[in-house]
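**Q** Under my numbering, think of the first position of the sequence shown as 93, with each following residue one higher.
Quick caveat, the hints were computed from the structure, so don't treat them as lab data.
Be careful, since some hints might not be right.
Okay, the calculated beta carbon distance ranges per label pair [said to hold, decoys possible]:
#1 K251 to G330: 16 to 24 angstroms
#2 K332 to A145: 36 to 44 angstroms
#3 K335 to L142: 36 to 44 angstroms
#4 L124 to N325: 35 to 43 angstroms
#5 L101 to K257: 38 to 46 angstroms
#6 Q254 to L124: 42 to 50 angstroms
#7 I313 to K335: 16 to 24 angstroms
#8 A98 to L346: 35 to 43 angstroms
#9 L345 to T285: 28 to 36 angstroms
#10 L142 to R249: 22 to 30 angstroms
#11 L345 to L144: 21 to 29 angstroms
Computed cross-link-like contacts, DMTMM-like style, restricted to lysine to aspartate or glutamate with a CA-CA straight-line distance of at most 25 angstroms [claimed, not checked]:
#12 K253 to E309
#13 K332 to E247
#14 K253 to D306
#15 K257 to D270
#16 K179 to D270
#17 K257 to E247
Model, not experiment: these values are computed from the prediction.
The beta-carbon is built from N, C-alpha and C at its ideal position, and this holds for glycine as well.
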Amino acid sequence: MISPEASTLITLIFYALASIVGLAGMIMRSPLWRRLGCWLAMAGFICQTLMLAMGFHKALPGGLSLGAYLQMLAWFVLLCGLAVWFKLRQETALLFAAPLGLMLFAMSAPYLSALVQVPPSLKAPFYALHIGALFLSLGLLALAFAAGALFLFLEGRIKSKQSMKGFWQDMPALSMLDKINAFTTLTAFPLYTLGIVAGLIWAKPVFGATVTGDPKEVISIVVWLLFAVLFHNRLANGWKGRKPARLAVFIFLLCLFSIIVVNTFMDTHHAFIRR
93 MISPEASTLI TLIFYALASI VGLAGMIMRS PLWRRLGCWL AMAGFICQTL MLAMGFHKAL
153 PGGLSLGAYL QMLAWFVLLC GLAVWFKLRQ ETALLFAAPL GLMLFAMSAP YLSALVQVPP
213 SLKAPFYALH IGALFLSLGL LALAFAAGAL FLFLEGRIKS KQSMKGFWQD MPALSMLDKI
273 NAFTTLTAFP LYTLGIVAGL IWAKPVFGAT VTGDPKEVIS IVVWLLFAVL FHNRLANGWK
333 GRKPARLAVF IFLLCLFSII VVNTFMDTHH AFIRR
């Protein structure tokens, strides 16, 4: 059987090749290279899926480390990138997902030995639903962030009348970036809500209260409120363009703060490292 180390290395190689080939395809304006980058990203995703299915992280005592968390997040980012590729026939989302997945995978390496001391009560069905729904929503939100950031950048170039020749001509139209942003955020919000509700239900028997004032709970509720504003205005008020792009970017950055700062450095039930 292939070792966890070899499987991780193969996945990293596929993601790295997908990032390099995809970027080269965009720079050289080569549809063939861009398509090859997408297929390499899919190969990396399949390899990582097999690694997870074979349970390479099941032997870790105490639960997920930060490294395993980041690797799972990378998997969900690629999953969402593939979904957008198949759903909207847009290679750009997957070509952006590949380097993001590569970055998350590479960042995971130093933390693979830092384990969370997770009690058996965390194996409840609502906990699995809580984690799964939130991971999927974060993967979608990462693509909303990429689409929103690229929208704002390209719109700035257009408004300042900078050249859009060559490489820039192959960038998705602003309308398509807005469509990707809308699709990902409108899909992610119900999943994020499901994850939050499942977490609150699970918290009652485990911690004795639905809301405990945990720092992660507070920032998650703030994210949910901002997400609700974005979701409502997209659906009810027909928000398009800069406003939803900016808000999606801000929400994702707030989620990154929650993952990197709150989970790692604050006293919370969701901490990665227990000393």
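**Q** None of the hints should be skipped; say for each whether it holds.
**A** Against the structure, the hints come out as follows:
no.: 1; hint: K251 to G330: 16 to 24 angstroms; in the structure: holds, 22 angstroms
no.: 2; hint: K332 to A145: 36 to 44 angstroms; in the structure: holds, 40 angstroms
no.: 3; hint: K335 to L142: 36 to 44 angstroms; in the structure: holds, 41 angstroms
no.: 4; hint: L124 to N325: 35 to 43 angstroms; in the structure: holds, 40 angstroms
no.: 5; hint: L101 to K257: 38 to 46 angstroms; in the structure: holds, 40 angstroms
no.: 6; hint: Q254 to L124: 42 to 50 angstroms; in the structure: violated, 28 angstroms
no.: 7; hint: I313 to K335: 16 to 24 angstroms; in the structure: holds, 22 angstroms
no.: 8; hint: A98 to L346: 35 to 43 angstroms; in the structure: holds, 37 angstroms
no.: 9; hint: L345 to T285: 28 to 36 angstroms; in the structure: violated, 20 angstroms
no.: 10; hint: L142 to R249: 22 to 30 angstroms; in the structure: violated, 41 angstroms
no.: 11; hint: L345 to L144: 21 to 29 angstroms; in the structure: holds, 27 angstroms
no.: 12; hint: K253 to E309; in the structure: violated, 44 angstroms
no.: 13; hint: K332 to E247; in the structure: holds, 13 angstroms
no.: 14; hint: K253 to D306; in the structure: violated, 48 angstroms
no.: 15; hint: K257 to D270; in the structure: holds, 21 angstroms
no.: 16; hint: K179 to D270; in the structure: holds, 15 angstroms
no.: 17; hint: K257 to E247; in the structure: holds, 14 angstroms
Hint check: violations occur at hints 6, 9, 10, 12 and 14; the rest are consistent with the structure.
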